[in-house]
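S.K.: Take a look at the letters that make up each chain.
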Amino acid sequence: MTTTERTAGATGRRVEDGSGVPLLEVRDLHVEFRTREGVARAVNGVNYSVGAGETLAVLGESGSGKSVTAQAIMGILDTPPGRIPKGEILFRGRDLLKASPEERRKVRGRKIAMIFQDALSSLNPVLSVGYQLGEMFRVHQGLSRKDARARAIELMDRVRIPAAKERVGDYPHQFSGGMRQRIMIAMALALEPDLIIADEPTTALDVTVQAQVMDLLAELQREYDMGLILITHDLGVVAGVADRIAVMYAGRIVETAPVHELYKRPAHPYTQGLLDSVPRLGPAPHPGSGRRELRVIKGLPPDLTRIPSGCAFHPRCPRAREMCRVGEPLLYRVPGERRSACYFWKEVVGD
Amino acid sequence: MTDGREPVLQVRNLVKHFPLTQGILFKRQVGAVRAVDGISFDLYQGETLGIVGESGCGKSTVAKLLMMLERATAGEVFYKGQDITKLSGRALKAVRRNIQMVFQDPYTSLNPRMTVGDIIGETFEIHPEVAPKGDRRRKVQELLDVVGLNPEYINRYPHQFSGGQRQRIGIARGLALNPEIIICDEPVSALDVSVQAQVINLMEKLQDEFDLSYVFIAHDLSIVRHISDRVGVMYLGKMVEIGSDEEIYDHPTHPYTQALLSAVPVPDPEAREGRERIILSGDVPSPANPPSGCRFRTRCWKAQDKCATEVPLLAVPERFKDTDSPVAHESACHFAEESATTARPGAARASATRG
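Quick note, the sequences are listed as chains W and D, same order. Using my numbering, the first residue of the first sequence is number 1, and each one after it goes up by one. Using my numbering, the first residue of the second sequence is number 1, and each one after it goes up by one.
Next up, chain W with everything else stripped away, as it sits in the complex:
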């Protein structure tokens, strides 16, 4: 990636603390996996930053590299087959990739915590939830079993699990999907981290429960003034909570923008295609005209072992021209604190 200017916060909220250093900054991160078919380049030069109290949504389809980036930040990437050939992950100005495993362990959980998608497979089925929540305190703070249990009850209260005292000894399967996700949130909150990475936190939940969980997450974030990286493929979930959005495609960020601008006037054809392809809940724009065919993005996301030359989106892009096949577009600056990796962003915005 050749962009030297880094994307700064665009929401007017506190992105940097007094020292002028953002909470977390990812610089030119590359991740690749060795597979039998060749080297799969999952992340190809990602840059983003999050400040305290800010919510950054990372949006992308499966295989766009959004979860792999998160795993690299957390330091839970499987290596091998994964490898980070290049890049920096700066947490409060310190590069985590250069830190020793011992130092990283201190950051993980205590400073940066993660909420996983599937609560049922992320919790240990043979240990009670109280024990699993208390583990955070026993391991990181050296509390006794009894104290850890009391703290676990406190946490369960905080994420509004009814009758926390009675339920602390229950096992994960005894909770409903929404409650399990609350336990995951409680676990991430346990040590009051500065940054939470939520990887598809509500994808496995029903809409009514999804709304409960997202509201809880947003409220706790405000309360603790945490930074939040929300990884999702759902354009709807993002619209409600994010301050800023980064759209990923084939391991690159193709567009970043404050949330309102992105939905109003996307500056990258991929974002535009995504927004056009979701059916809307509201009445059809032209009543009586019958069903409107959904606009689609033709083709499929690329195979990561064979990413197309130039702009990775060009084989699917309605605007692709010769230059798109040859050179990889930079993340161009677009008015309104935005960026777009498209040569023709002016035309896209003008649509």
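Keep in mind that the hints were calculated from the coordinates and are not lab data. Treat the numbers as computed from the prediction; the structure is a model and nothing was measured. Do not rely on the hints blindly, as some may be mistaken.
[Unchecked claim] Below, simulated DSSO-like cross-link-like pairs (lysine-lysine); rule was C-alpha separation at most 30 Å, straight line: (1) 111(W) - 98(W); (2) 86(D) - 205(D); (3) 27(D) - 80(D); (4) 86(D) - 64(D); (5) 139(D) - 298(W); (6) 298(W) - 64(D).
[As the list claims (entries may be wrong)] Distance windows between CB atoms, simulated: (7) 23(D) - 174(W): 20 to 30 Å; (8) 210(D) - 162(W): 45 to 55 Å; (9) 20(D) - 163(W): 23 to 33 Å; (10) 282(D) - 94(W): 58 to 68 Å; (11) 321(D) - 319(W): 49 to 59 Å; (12) 165(W) - 12(D): 14 to 24 Å; (13) 165(W) - 321(D): 49 to 59 Å; (14) 6(D) - 36(W): 49 to 59 Å.
All C-beta atoms in this analysis are idealised placements derived from N, C-alpha and C, irrespective of residue type, glycine included.
Since the structure of chain W is provided, determine the placement of chain D on it from the hints.
M.R.: Chain D only, in chain W's frame:
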């Protein structure tokens, strides 16, 4: 749109209880999971009936009952006037030719050890009258072409295809016997957003081309609105509201439908800030022990004593009966009202946002 048309499928009081047993050798029944508990609806020629609801509300069980993959505990399903729940053997096979299914997960619903040609062609082994033996390969290639796949892929295996392409194979298999009805159980929920739209467009195209009737089961309300002519909303084994897509989406009268619609994440930050959201408290109760009276009352902000004792029937509410407006559609609520908050604004909002 349904005027004067004959329904192709009539469902009457369909019930499916799964027994809960205790004991190893001598099993005795200690209760039942009431997955589907008395559902009635009609499906007309060429229309799409959407069925929405949260997980565990019984919508997939309905799909299995319509396909006769599960035997109904009680109730009838009439296909062209014939009750198919009583059929077996040859008669059932003949009916099944006309009712086909597209499954949710294109990764597990295709046999990984069979080629695409075998997967689609297998239907002709069971119903040889549709395509004579020598003709099958050509027929399969035709089907692949219809669903937008390259006919030369006939010898490939499922793992060589992407999720969207696999779902196309599943649709081709559903189409193979020229059925009249296709039951789609969450056909696009396992697919990426940009691929979902492709599959939805394909299904609409095929419907127009072959005059198919769809029962479209999904939890994504936006997609259901897009594809459906009529929509039924299920909660805990019951149909709580049914009507045309406009009636359900723009004039819902059942509080559950209202809450469900307000919880849908809308991909537009501005529209979101303006609208009122109802956040339901708690979870769906267990279908093994559903609440008495109205099943939604434990999460409903309008619930009164009457709701605990009297089961509300799915019917056009008395007070809307004479009006011609879209409010007059079937809704199973004692206090059916168009807007969630007009009745008791303060109370409704307070109890509803307790979250």
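S.K.: Now look at each hint and say whether the structure bears it out.
M.R.: Consistency of the hints with the structure:
no., hint, in the structure
1, 111(W) - 98(W), "17 Å, holds"
2, 86(D) - 205(D), "34 Å, violated"
3, 27(D) - 80(D), "39 Å, violated"
4, 86(D) - 64(D), "15 Å, holds"
5, 139(D) - 298(W), "26 Å, holds"
6, 298(W) - 64(D), "33 Å, violated"
7, 23(D) - 174(W): 20 to 30 Å, "23 Å, holds"
8, 210(D) - 162(W): 45 to 55 Å, "51 Å, holds"
9, 20(D) - 163(W): 23 to 33 Å, "25 Å, holds"
10, 282(D) - 94(W): 58 to 68 Å, "44 Å, violated"
11, 321(D) - 319(W): 49 to 59 Å, "55 Å, holds"
12, 165(W) - 12(D): 14 to 24 Å, "48 Å, violated"
13, 165(W) - 321(D): 49 to 59 Å, "51 Å, holds"
14, 6(D) - 36(W): 49 to 59 Å, "56 Å, holds"
In this structure, the hints that do not hold are numbers 2, 3, 6, 10 and 12, in rising order.
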